[in-house]
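For this one, chain A is given, so just place chain B on it according to the hints.
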Amino acid sequence: MQKNNLQPFASFRFRPEEIAVREDQVMEMLRQDDLSENDPVTGAVREVLGRLPEICDIRGGYALFDDVEIDLAGGRVVVDGVPLDTGCRVAGYLRGSERIALFVCTAGEGFSEWRARYEAQFDYLGGFVVDTLGSMVVERAMDRIQDMLERRVTESHEKISNRYSPGYCNWPLADQQVLFGLLPANECGIALTESSLMLPIKSVSGLIGIGPRIERRPYGCAICESAACLYRQIRHK
Amino acid sequence: MVNLRSIYEAVLAGKFNDAVENVKQALAAGADPQQVINEGLIPAMEEIGKRFEAGQAFVPQMLLSARAMKSSLEVIKPLLGAGAGSSAGKVVIGTVKGDLHDIGKNLVASMLEGVGFEVIDLGIDVPTEKFIDSLRENKAQILCMSALLTTTMTMMEVVIRALEEAGMRQGVKVMVGGAPVTENFAARIGADGYSDNANAAAKLAKRLIA
Numbered sequence: 003m004q005k006n007n008l009q010p011f012a013s014f015r016f017r018p019e020e021i022a023v024r025e026d027q028v029m030e031m032l033r034q035d036d037l038s039e040n041d042p043v044t045g046a047v048r049e050v051l052g053r054l055p056e057i058c059d060i061r062g063g064y065a066l067f068d069d070v071e072i073d074l075a076g077g078r079v080v081v082d083g084v085p086l087d088t089g090c091r092v093a094g095y096l097r098g099s100e101r102i103a104l105f106v107c108t109a110g111e112g113f114s115e116w117r118a119r120y121e122a123q124f125d126y127l128g129g130f131v132v133d134t135l136g137s138m139v140v141e142r143a144m145d146r147i148q149d150m151l152e153r154r155v156t157e158s159h160e161k162i163s164n165r166y167s168p169g170y171c172n173w174p175l176a177d178q179q180v181l182f183g184l185l186p187a188n189e190c191g192i193a194l195t196e197s198s199l200m201l202p203i204k205s206v207s208g209l210i211g212i213g214p215r216i217e218r219r220p221y222g223c224a225i226c227e228s229a230a231c232l233y234r235q236i237r238h239k
Numbered sequence: 046m047v048n049l050r051s052i053y054e055a056v057l058a059g060k061f062n063d064a065v066e067n068v069k070q071a072l073a074a075g076a077d078p079q080q081v082i083n084e085g086l087i088p089a090m091e092e093i094g095k096r097f098e099a100g101q102a103f104v105p106q107m108l109l110s111a112r113a114m115k116s117s118l119e120v121i122k123p124l125l126g127a128g129a130g131s132s133a134g135k136v137v138i139g140t141v142k143g144d145l146h147d148i149g150k151n152l153v154a155s156m157l158e159g160v161g162f163e164v165i166d167l168g169i170d171v172p173t174e175k176f177i178d179s180l181r182e183n184k185a186q187i188l189c190m191s192a193l194l195t196t197t198m199t200m201m202e203v204v205i206r207a208l209e210e211a212g213m214r215q216g217v218k219v220m221v222g223g224a225p226v227t228e229n230f231a232a233r234i235g236a237d238g239y240s241d242n243a244n245a246a247a248k249l250a251k252r253l254i255a
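Heads up: the sequence lines are chains A and B, in that order. Residues 3 to 239, numbered by my numbering, are exactly what the first sequence covers, in order. Residues 46 to 255, numbered by my numbering, are exactly what the second sequence covers, in order.
Don't take every hint at face value.
Claimed, not checked - So these bits of chain A aren't anywhere near chain B, every CB distance computed over 12 Å:
| no. | residue |
| --- | --- |
| 1 | Phe16 |
| 2 | Glu25 |
| 3 | Leu51 |
| 4 | Asp69 |
| 5 | Val80 |
| 6 | Cys90 |
| 7 | Gly98 |
| 8 | Arg142 |
| 9 | Val155 |
What the hints assert, rightly or not - Computed Cβ-Cβ distance ranges for the label pairs, DEER-style:
| no. | chain 1 | residue 1 | chain 2 | residue 2 | range |
| --- | --- | --- | --- | --- | --- |
| 10 | B | Ala211 | A | Arg215 | 50 to 56 Å |
| 11 | A | Gly183 | B | Gln215 | 42 to 48 Å |
| 12 | B | Gln215 | A | Asp36 | 45 to 51 Å |
| 13 | B | Glu92 | A | Glu111 | 36 to 42 Å |
| 14 | A | Glu49 | B | Phe103 | 17 to 23 Å |
| 15 | B | Pro225 | A | Phe14 | 30 to 36 Å |
| 16 | B | Lys251 | A | Ser13 | 49 to 55 Å |
Just so you know, the hints here were simulated from the structure itself, not pulled from any lab data. Where is the CB? At the ideal position from N, CA and C, for every residue including glycine.
Same shape as in the complex, but just chain A (with noise of 0.2 Å):
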């Protein structure tokens, strides 16, 4: 089903300062934003990001595909031909997409050997800040890469739709590996497991909508009523 010929990828490299997390914000995301300065959570915190440069190798970037069908009915995205199952309500959020951009970005392997480094010492604290870091630093940046995208499209009177992933909204976590064969092989590193993870782990993929009628719609932990989940608790991805 792979077409032989890739659309050119959009390439990105950003700097940990240009990601620009701050401790503030962090304290926040891990409901911790009341804390004395002596506290162990601050201390970590302050910890980890101030080894971010060494731990970040921030890369990411999209390729954009004008021949896209939206098939509502079937529940699919054929993009250059290849279909994409992302399900009926990923389907129906890309309605009136003319393009679509596929996307990847990985906020490095770091993340991985440092929280490894924390936990074999006990440092569970260490090595959950450093995991909820590596989640801010990888939406950042493909916040970062959607800023770019918005405002390339807006040139031509063209307005993108969220961002959308396999795994998430009953779109199948397989569809990764359709999903990376329209990509070049191994773009910014990034590698998919036999179960269609990706690795380095602190990475995010997915497509996103591009067209003049398209609009943004809540969508994620935006429109999740769990009330139990962890994620929501600790507002952590």
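Leaving out everything else, chain B in the frame of chain A:
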């Protein structure tokens, strides 16, 4: 005079250096290692678990206490003779295949260990066969499975069916948890229990093998 209260306080406060020091002092003063665990470490972990469940403590505080508990256990373990330790039971735990989210799973593992279980943590993205093999090898009484995604929680049922096919289902209690998992889902797939937080999971585990 052996001061187990100071161990309890240090673990509860997540002060691992103090906890280790207090454990060493208690042992030097003649405290029974198992008594240190039962009356110092376990009650402290139970209390932080209760506070977490009640919204009075958050993930970082749980993790600080877990470190203090684990560091203290490292001091005590060499003193527990073979077979002398009174483990509450053996648990195999992991995040199901296709899922890499493990914060909740790790909290449950720490809590289970904190209340006296021997925990075999298989990590993330665990294939069905690995769960089965580990349960068999370790003769574990409980299997805990975690998933964060609706697209991966279905693997829990696959593992339960595999347990049945392997003829091991009768000897293993299955607990499930994770953001999209519900009591109804747990019942539907044939799990023995569901919990939505680490403290409740520890209590459930004790109840299941009582």
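Task: Violated hints, by number in ascending order, as checked against the structure - done: none
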